[in-house]
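Asks: All chains should be modelled from the sequences, with the hints used to inform the complete structure.
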Amino acid sequence: MRRPSWVPEGTDLDKPNAARVYDYYLGGSHNFEVDREMARKALALWPELPQIMRSNRAFLRRAVTFLAEQGITRFLDIGSGIPTFGAVHEIARAIRPGAKVVYVDRDPVAVAHSRLLLEDDPDSAVVQADLRDVEDLLDRSEVAALLAEGEPVAVLLVAVAHFVSDDENPSKLIATIRDRLPAGSALALSHASLEARPDQAEDHQKLYRMTPTPLTMRTNQQVTAMFAGFELVEPGVVPLPRWRPDQPGTVGEHPERIAGVAGVGFRS
Amino acid sequence: MSGTTPVNGSAERFHEDWSRLLSADHGIAVHPGLLGRLVARTAALLHRAQLDEPFQPRLAAQAGAELVDAHFTDPVLLARAVELLQSQPIGDDRGPALTGAFAAGWANALRERTLSEQEAIRTAADAARKEAERALRASEARFRALFESAAIGIGIGDTDGNILAVNKALQELFGAAPADMVGRRVGDLVHPEDTPGVWEAYEELISGKREYFQFDKPYYRQDGEIIWTHLTVSLIRDDDGVPQYQVAMLEDVTDRYRLQERLRHQATHDPLTGLPNRAAFFERLEKLFENPEPGARFGLCYVDLDGFKVVNDSLGHDMGDQLLSAVAARLKAALTPLGHLVARLGGDEFVVLLENCRGEQEAVAAAKTVLKALAGPVLIGDHKLAVGASVGVLERRVSTTTPGAAVRAADLTLYRAKEAGRGRWTLFDPKENARAVSRYAVSVRMPAALDRGEFFIDYQPLYRLADGRMTAVEALVRWRHPQLGVLGPDEFVTTAEETGLIMPLGRWVLEQACGQAAEWIKQYGDAAPQLNVNLAVRQARSAALVTDLGRILDSTGLDPARLQLEITESTVVGPEDEALRTLHGLVDQGVSLAVDDFGTGWSNLAYLRDLPVSGLKIAGSFVGDLHDPAKDGATGWRIVSGLVSMAHTLGLNVTAEGVETRKDAERLREMGCDWAQGWHFGRPVRPAEIARRIVEEPKGRPVEER
Ligand SMILES: C[S@@+](CC[C@H](N)C(=O)[O-])C[C@H]1O[C@@H](n2cnc3c(N)ncnc32)[C@H](O)[C@@H]1O
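First to last, the protein sequences are chains H and G.
Numbering follows full-length UniProt numbering, in which position 33 of the first sequence is assigned residue number 33; successive positions increment by one, without gaps.
Numbering follows full-length UniProt numbering, in which position 172 of the second sequence is assigned residue number 172; successive positions increment by one, without gaps.
Everything labelled a hint here was simulated from the structure, so no lab data went into it.
Mixed in with the good hints, there may be bad ones.
Said to hold, decoys possible - Here are some chain G residues pointing at chain H (derived, C-beta under 8 Å):
| hint | residue |
| --- | --- |
| 1 | G91 |
| 2 | A124 |
| 3 | E131 |
| 4 | I156 |
| 5 | T159 |
Quantities reported herein were computed from a predicted structural model and do not represent experimental measurements.
The C-beta atom is built at its ideal place from N, Cα and C for all residues, glycine as well.
Replies: This is how it looks when you write it as structure tokens:
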């Protein structure tokens with residue numbers, strides 16, 4: 001049973017947290033010793049992690065840019081984390097001034113941080129909600145308002161769906177969101193992938209079991225299936241650096257070694 | 001701006017190298033346009049730092065700071081940048097100072113950035129914690145409000161059974177102050193009328209074996225009053241699943257309970273006398289028959305006041321009613337202390353039920369108590385009324401009768417008592433009973449009953465002891481009598497024989513049962529049971545029987561090998577008996593014969609050898625007597641075992657009747673008895689139940705398990 005939404009989720013600072021660990025990989029200081037300790041362990045296991053995270057962040061940037069260029073002015077960023085740099089509203093507004101963004105995260109610290117940053121921004125909102133309780137998330141007034149007005153909305157599920165276990169059925173959650181989206185809406189999604197380094201996947205998932213957000217890495221095929229009801233744009237679901245690189249040269253040497261895949265699709 | 005001319009070509013190469021450096025790693029996450037501008041700006045700053053006169057270290061420091069501002073915070077980048085700067089050909093010796101300034105600018109900016117980010121994340125964590133605390137307080141307040149103002153009584157206790165908190169509704173329910181309840185123990189709240197199982201459920205709950213339970217439970221209020229509640233108790237565990245608290249919710253259902261009680265009392269009690277009524281009496285009686293202990297006995301005293309009609313007619317109904325109340329009170333006072341149930345059946349008829357009767361003497365004693373209780377005159381107003389009563393007494397083994405038959409028999413016995421002169425008791429006598437039944441209602445109605453379709457057939461299963469399979473069924477005719485209810489064969493077959501109706505009735509039974517048996521065989525093949533049908537003496541002596549049987553076998557298509565006819569010992573009385581011819585005629589058609597009720601008549605064993613029979617059924621009284629405390633069980637078993645071996649010597653298949661317990665079945669199996677029949681294996685039932693057994697017991701049931 002999910003607890004009723006008026007019972008608060010605790011802020012457990014004794015446990016490493018995905019948002020802050022991620023910030024550390026990206027060279028930020030929005031983190032505590034517990035986070036760094038776990039990050040260091042993960043790095044010893046998998047030195048490419050910062051590179052993977054940067055690729056993910058780069059995908060987020062390219063995807064938001066692409067979507068803005070396609071005319072999207074509304075963004076629902078679920079699992080937005082701590083916007084260390086290059087926040088979604090900044091990227092979007094470079095192309096669509098006045099673009100609206102609702103940031104959603106389940107981590108109360110990430111949410112508080114985002115609120116501090118966005119205090120004076122009338123066109124963005126921050127909501128504490130959980131993707132796994134998707135009905136509650138969609139019913140929040142800020143989210144409902146964003147989805148209500150008939151304009152297409154881009155839903156960003158960037159590096160978050162892998163924090164939803166198979167039991168919690170991410171595809172079903174995404175389908176629920178999909179059915180609430182106005183016509184012309186889009187989904188941008190990236191996901192930790194099992195195929196790049198299957199040998200390390202288990203140890204890595206083990207580390208994340210220490211956090212409140214255990215990690216489930218998935219295959220390319222499973223990630224593609226999450227786009228049910230969306231039409232994928234070229235090049236489909238691919239390793240992060242391969243998704244519409246800025247220039248062909250920026251893909252890097254072995255993009256398939258980057259243990260993350262991503263794609264963007266429009267509601268069909 | 002400086003006036004120094006840039007070194008041709010080298011500036012472009014530096015710009016290119018610088019751009020490549022920044023585009024790698026963190027650079028990929030930065031927007032290309034932003035990155036381009038950053039590269040241009042920082043390259044220009046460094047360029048000026050290299051060439052401007054005088055040398056301005058600040059420019060290099062600014063370039064370093066701008067990198068950090070664009071989140072180029074990786075020390076690896078600093079190392080590479082220093083390398084690149086150091087490899088630049090610079091005119092004077094400002095190179096190390098420039099690189100140093102750049103590094104210091106970067107480091108300083110990073111320090112600032114780190115500190116401000118640390119502060120930001122701490123502020124955020126703080127804000128989040130405060131928000132969480134606020135929300136917790138709010139939810140606590142909501143819970144408290146919910147707890148305090150709930151209309152339902154709520155109590156919280158620990159798993160040791162101490163009551164920790166109770167809400168207002170619960171205090172009101174118990175008429176108690178918090179101090180009266182908090183600190184008390186849940187275990188103190190027992191009530192003598194607690195539903196069985198409630199405390200077991202409670203123990204299971206607090207030990208973590210179950211999550212919740214629900215019961216209707218009575219409690220004593222503080223003032224001693226009783227309240228009835230609908231109680232739900234749930235277990236609360238901590239994060240590790242260890243039981244911590246129990247939460248009880250109590251809904252006051254006292255009014256509903258009282259109403260139910262009243263309705264139940266009204267439905268089961270006679271409003272005039274307050275005694276249990278007819279319905280209540282039958283309910284109790286029928287319960288006796290549901291799962292009787294082997295050998296269980298019961299008794300009935302059917303009481304009717306003598307001369308009540310006279311009182312009613314001459315002194316009026318009011319007086320009559322008062323007399324009935326007085327009689328009821330006397331009967332109740334005299335008999336309930338003995339553990340007997342007194343009920344009013346209607347009018348001036350009362351009944352005494354003796355559950356667990358120890359024998360005829362006890363029932364007779366009860367009847368005498370009734371007569372003694374009513375011996376003295378009853379004072380009503382100015383009248384001194386002498387009441388007398390007649391009592392019909394019946395005392396039987398539960399397994400030998402049915403509730404309906406027993407009450408009817410007691411009633412008929414009562415009439416015999418009345419006929420014999422009032423103010424006395426009479427004991428049930430089966431022969432008298434049958435005679436009475438026939439006299440009162442049977443003989444007159446019977447001829448028309450067959451046409452009206454008032455007869456039907458039940459089937460009682462016979463099991464093979466060796467493998468526990470149902471091997472045969474005995475067809476038993478019943479009469480749904482419009483006034484007397486369902487009558488068994490022992491109540492009307494004698495009359496049917498006397499009146500001759502046995503002939504058409506017997507034919508009808510044979511026809512019906514054979515049709516049914518053929519149907520089972522068609523459906524279930526070899527799994528279908530053999531059919532046993534009783535032949536009355538008069539039928540066996542009729543020459544027409546052989547032809548009738550042939551016709552019936554033809555029309556129903558029943559394989560004669562699957563039919564066994566049961567005759568009694570009295571069917572054949574001597575070697576010259578004409579019935580013998582009929583019996584041979586039957587056997588010639590392929591059916592088999594068995595002697596029923598063996599041991600009850602005067603059996604001439606010599607004839608048994610000459611009869612064309614292949615089976616023998618030991619009368620139910622032999623096995624029944626094994627449980628009679630007045631009779632020696634060991635002797636009983638020796639008799640039964642003697643009968644079995646005698647039958648086996650004659651090559652007969654032996655069936656024990658009246659088998660009521662698993663133990664007896666087991667013992668009979670051990671002594672080699674072939675088949676058994678009785679309540680342990682099943683009472684007479686509708687054909688559908690037989691079909692169910694055929695289907696559900698394809699492999700039989702081991703005798704021990706039944
Ligand atoms: C790795 S970060 C990704 C941040 C950002 N989307 C990006 O890609 O740069 C993952 C974020 O998802 C959040 N998250 C994890 N599970 C979540 C859930 N069930 N509902 C909402 N947010 C969740 C975490 O708190 C964390 O901030």
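Asks: Okay, which hints does this one fail, numbers in order?
Replies: 1, 4, 5
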